[in-house]
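Trainee: Chains W and X, in that order, are what the protein sequence lines are.
Residues 1 to 389, numbered by the numbering used here, are exactly what the first sequence covers, in order.
Residues 390 to 682, numbered by the numbering used here, are exactly what the second sequence covers, in order.
I should point out that these hints are in silico values taken from the structure, not numbers from a laboratory.
Built from N, CA and C at the ideal position, the CB exists for glycine as well.
Hints may be right or wrong, so weigh each one.
[As the list claims (entries may be wrong)] Residues of chain X clear of chain W, computed beta-carbon distances all greater than 12 Å:
(1) F455
(2) L481
(3) V486
(4) L516
(5) G521
(6) Y601
(7) G625
(8) N651
[Stated by the list, open to error] Here are the simulated distance ranges between beta carbons:
(9) X/A528 <-> W/T80: 49 to 55 Å
(10) W/Q219 <-> X/F455: 50 to 56 Å
(11) W/K166 <-> X/S554: 49 to 55 Å
(12) X/W519 <-> W/G210: 56 to 62 Å
(13) W/V244 <-> X/F455: 38 to 44 Å
(14) W/T80 <-> X/V609: 37 to 43 Å
(15) X/L417 <-> W/R79: 39 to 45 Å
(16) W/P39 <-> X/V667: 48 to 54 Å
(17) X/I489 <-> W/R79: 55 to 61 Å
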Amino acid sequence: MIRKKLSAFSLLAVSVLILSGCSSSGDTSGVEIEVPDIPMHESMGDFEGEINIVNWAGFVDPKWTDKFEADTGCMVKSRTAGTSDEMVTLMRTGQYDIVSASGDAALRLIVGGDVQPLNVDLIPNFGDEIAPGMRNNIYDTVNGKPYGVPIGRGANLLQYNDDVTKGAPTSWDVVWETNSPYKGKITAYDAPIYIADAAVYLMYHKPELGITNPYALDQTQLDAAIALLKQQNTIVGEYWSDAVAQITSFVGGNTVVGTSWEILRKFAGKPNIKTTLPKEGSTGWYDSWLVSSKTKNVNCAYAWMDYTSTASVNGAIAMNFGMAPANIAFCSSSAEAQAHCDEFAAEDEEFFKQVWPWTTPIETCVDGRKDVKCTSFQEWTNAWATIKG
Amino acid sequence: MSTNTTKGGTKPISAYLYKHARVRLIGLIGLPMFWIVGVYIFSLFLLLITAFWFVDPFTSKVIVGFTLENFISIFTVPAYISTSIRTLLIALAVTGVSVIFAVPLGIYMAKIARPWVRNALAVAITLPLWAGYLVKIIAMRLVFTEQGFFNWALAPLGISGPTFSIPIVILTLTYLWFPYMALPVFTAIRQIPPNLFDASSDMGAKGFTTIYRIVLPLIVPAIIAGSVFTFSLSLGDYLVAKFTGGSTQMIGSIIASNINLNPPVAAAFSMVPIAFVVIYLMVARRTGSLERM
Numbered sequence: 001m002i003r004k005k006l007s008a009f010s011l012l013a014v015s016v017l018i019l020s021g022c023s024s025s026g027d028t029s030g031v032e033i034e035v036p037d038i039p040m041h042e043s044m045g046d047f048e049g050e051i052n053i054v055n056w057a058g059f060v061d062p063k064w065t066d067k068f069e070a071d072t073g074c075m076v077k078s079r080t081a082g083t084s085d086e087m088v089t090l091m092r093t094g095q096y097d098i099v100s101a102s103g104d105a106a107l108r109l110i111v112g113g114d115v116q117p118l119n120v121d122l123i124p125n126f127g128d129e130i131a132p133g134m135r136n137n138i139y140d141t142v143n144g145k146p147y148g149v150p151i152g153r154g155a156n157l158l159q160y161n162d163d164v165t166k167g168a169p170t171s172w173d174v175v176w177e178t179n180s181p182y183k184g185k186i187t188a189y190d191a192p193i194y195i196a197d198a199a200v201y202l203m204y205h206k207p208e209l210g211i212t213n214p215y216a217l218d219q220t221q222l223d224a225a226i227a228l229l230k231q232q233n234t235i236v237g238e239y240w241s242d243a244v245a246q247i248t249s250f251v252g253g254n255t256v257v258g259t260s261w262e263i264l265r266k267f268a269g270k271p272n273i274k275t276t277l278p279k280e281g282s283t284g285w286y287d288s289w290l291v292s293s294k295t296k297n298v299n300c301a302y303a304w305m306d307y308t309s310t311a312s313v314n315g316a317i318a319m320n321f322g323m324a325p326a327n328i329a330f331c332s333s334s335a336e337a338q339a340h341c342d343e344f345a346a347e348d349e350e351f352f353k354q355v356w357p358w359t360t361p362i363e364t365c366v367d368g369r370k371d372v373k374c375t376s377f378q379e380w381t382n383a384w385a386t387i388k389g
Numbered sequence: 390m391s392t393n394t395t396k397g398g399t400k401p402i403s404a405y406l407y408k409h410a411r412v413r414l415i416g417l418i419g420l421p422m423f424w425i426v427g428v429y430i431f432s433l434f435l436l437l438i439t440a441f442w443f444v445d446p447f448t449s450k451v452i453v454g455f456t457l458e459n460f461i462s463i464f465t466v467p468a469y470i471s472t473s474i475r476t477l478l479i480a481l482a483v484t485g486v487s488v489i490f491a492v493p494l495g496i497y498m499a500k501i502a503r504p505w506v507r508n509a510l511a512v513a514i515t516l517p518l519w520a521g522y523l524v525k526i527i528a529m530r531l532v533f534t535e536q537g538f539f540n541w542a543l544a545p546l547g548i549s550g551p552t553f554s555i556p557i558v559i560l561t562l563t564y565l566w567f568p569y570m571a572l573p574v575f576t577a578i579r580q581i582p583p584n585l586f587d588a589s590s591d592m593g594a595k596g597f598t599t600i601y602r603i604v605l606p607l608i609v610p611a612i613i614a615g616s617v618f619t620f621s622l623s624l625g626d627y628l629v630a631k632f633t634g635g636s637t638q639m640i641g642s643i644i645a646s647n648i649n650l651n652p653p654v655a656a657a658f659s660m661v662p663i664a665f666v667v668i669y670l671m672v673a674r675r676t677g678s679l680e681r682m
């Protein structure tokens with residue numbers, strides 16, 4: 001344990017030295033995170049004959065697994081998870097080879113040593129066709145090492161009932177401020193990671209707090225976010241974690257404004273239910289394949305990641321789930337694909353620049369600050385429990 | 390079978406068990422004891438142990454160790470205290486509403502209604518038990534949505550119903566658990582001899598006096614029996630609060646949201662309803678009604 005700490009210190013010292021020397025592209029270079037040393041897969045071997053996947057609903061479907069099974073002989077066994085937290089719990093059982101983790105689960109798995117770094121040379125389809133905004137992000141690329149292969153992404157948008165609001169709200173203030181005209185008809189996402197949405201709002205409206213990344217909150221900043229969430233609790237109508245409940249709530253008129261996903265708006269299927277990205281920006285979920293550090297089917301896992309990164313398969317997953325595909329070469333493959341990409345802003349990096357990808361908050365400040373300790377996901381979890389009272 | 394017809398060898402198992410009393414006993418209670426101790430008590434014990442463990446702040450993995458932090462948090466975090474109290478009050482309210490509905494209904498069914506009406510009502514009470522639990526909750530959600538049945542039906546009168554909140558939670562829980570109260574109460578009232586009603590009336594008691602002085606004391610054990618169900622089932626529920634409670638949080642909600650995020654806190658919190666139920670049963674025992682059940 002002590003040795004681990006010492007090495008962490010020296011790592012930190014080295015990284016500071018490196019940092020002062022150069023600052024390369026992307027957000028990730030600024031942060032060194034202590035992660036267990038897990039070897040990566042060196043070269044492809046024989047396929048093991050099976051692969052056990054933890055995935056979001058709609059990510060694994062016979063429409064594309066049949067061909068994969070025929071090509072590789074790796075039989076696909078899928079376990080659908082409902083939340084990021086469930087995914088983390090499942091992956092820690094060691095019974096699964098690969099997971100389609102969102103960023104809020106990914107970094108937790110990486111620092112916990114539950115997933116292994118990837119040898120991208122063995123994944124030829126993980127290349128230039130991947131949307132630039134989905135590469136080298138802190139949630140799946142740590143200390144310069146890639147741990148995840150991007151699948152797709154989506155933003156947490158402000159959904160509103162146009163019949164009531166008469167036009168798109170330009171600010172998230174309608175869900176946060178007590179003078180909101182939609183008091184009692186507001187829905188909020190029911191998970192600790194939603195604290196980041198409060199932080200995004202504070203970044204814009206309370207610059208004096210000095211928040212530069214909604215996932216790197218020191219204690220003062222977290223307290224401010226929690227205070228905002230407690231204020232929201234007094235005007236919120238419902239918290240949602242179940243997509244169907246959220247849709248019926250909007251369609252049934254109980255909710256007028258609140259956090260949503262583009263796909264949920266589509267499922268609501270009402271012309272008056274619309275989404276918008278307010279001026280403050282927002283958070284979003286970026287999903288990637290992560291391979292378990294305890295996998296016995298590593299070759300099948302690599303083959304799966306490569307297969308699902310092809311434009312056609314990645315696009316099929318994205319269309320099936322309702323998100324922006326990671327492989328944007330898919331967009332130009334057909335008129336239908338282009339329409340899907342346009343609807344979900346797949347190629348619109350300007351749009352996604354306003355979106356903060358879900359990232360597990362950890363003690364190391366992911367915004368690069370070294371002089372303070374940031375609050376970890378555990379602290380977010382504990383704080384979250386106090387909001388609903 | 391027919392080959393073995395010699396004397397004394399017809400029923401070797403019975404003969405063996407007749408001679409060995411201990412084996413007989415094990416054979417009788419072995420399976421239920423395995424169920425109670427091996428499955429039920431053991432899993433509860435595992436749960437209790439987990440409550441003393443903690444979660445690594447860095448990786449949020451569960452670490453085996455010993456801490457009282459999880460139990461302390463139940464009594465120190467204001468949100469946890471208010472949630473526990475709220476849940477307790479909701480469970481008591483559900484029980485109270487169930488009693489208020491069940492007693493008049495039971496008297497009517499047992500003493501007034503014609504046989505076919507009684508049978509029809511008995512079916513009507515038990516019918517909801519046949520539908521799926523989640524289906525019933527979603528049905529209540531749909532009834533009470535803003536543009537749902539309730540508001541639609543009352544719109545001509547200019548009345549609009551409550552939005553998802555604690556009253557709807559109490560109503561939905563009552564809907565779910567009412568049969569468990571109604572049936573024992575009905576059975577108990579049915580067993581009251583008719584001549585007690587005659588005697589009461591002969592001595593000049595009016596209807597309400599008879600109910601208060603004769604019926605209620607005699608059906609208290611049945612009410613206690615029913616309330617054990619309505620109370621403890623309401624205490625542990627979280628899906629009702631999730632789907633019909635709006636932002637209402639119950640003990641079950643805290644357990645459900647922590648089961649993946651912080652299993653030790655979830656385990657510690659699962660002790661709260663158990664404590665409530667134990668206290669409730671002890672109070673019920675004090676009244677002596679458990680013996681008469």
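Trainee: Each hint should be assessed against the structure and marked as holding or not.
Mentor: Hint check results:
For X/F455, the non-interface assignment is confirmed: its Cβ lies about 18 Å from the closest Cβ of chain W, beyond the 12 Å cut-off. The Cβ of X/L481 sits about 20 Å from the closest Cβ of chain W, beyond the 12 Å cut-off, so the non-interface label holds. Here X/V486 stays apart from chain W, with its beta-carbon at least about 24 Å from theirs, past the 12 Å limit. Every CB of chain W is more than 12 Å from the CB of X/L516 (nearest about 25 Å), matching its label as outside the interface.
Every beta carbon of chain W lies more than 12 Å from that of X/G521, the smallest distance being close to 15 Å; the non-interface claim holds. Consistency note on X/Y601: stated as away from chain W, and its beta-carbon is indeed over 12 Å from all of that chain's, at 40 Å minimum. For X/G625, the non-interface assignment is confirmed: its Cβ lies about 18 Å from the closest Cβ of chain W, beyond the 12 Å cut-off. Distance check for X/N651 against chain W: the nearest CB is about 6 Å away, which does not clear 12 Å, and the non-interface claim fails.
At about 25 Å, the beta-carbon gap between X/A528 and W/T80 misses the expected band of 49 to 55 Å. Between W/Q219 and X/F455 the C-beta distance comes to about 27 Å, which lies outside the given range of 50 to 56 Å. The supplied range of 49 to 55 Å is broken by W/K166 and X/S554, whose beta-carbon atoms lie about 27 Å from each other. As the Cβ distance of X/W519 to W/G210 is approximately 59 Å, the hint placing it in 56 to 62 Å holds.
A hinted range of 38 to 44 Å holds for the C-beta pair W/V244 and X/F455, which are about 41 Å apart. For W/T80 and X/V609, the hinted distance range of 37 to 43 Å is not satisfied, since their beta carbons lie about 49 Å from each other. Separation of X/L417 from W/R79 is about 41 Å and conforms to the stated range, judged on CB atoms against 39 to 45 Å. Here the CB-CB span from W/P39 to X/V667 is close to 52 Å, well matched to the stated 48 to 54 Å.
The given range of 55 to 61 Å is broken by X/I489 and W/R79, whose C-beta atoms sit roughly 46 Å from each other.
Checked against the numbered hints given earlier, this structure breaks hints 8, 9, 10, 11, 14, 17; the rest are met.
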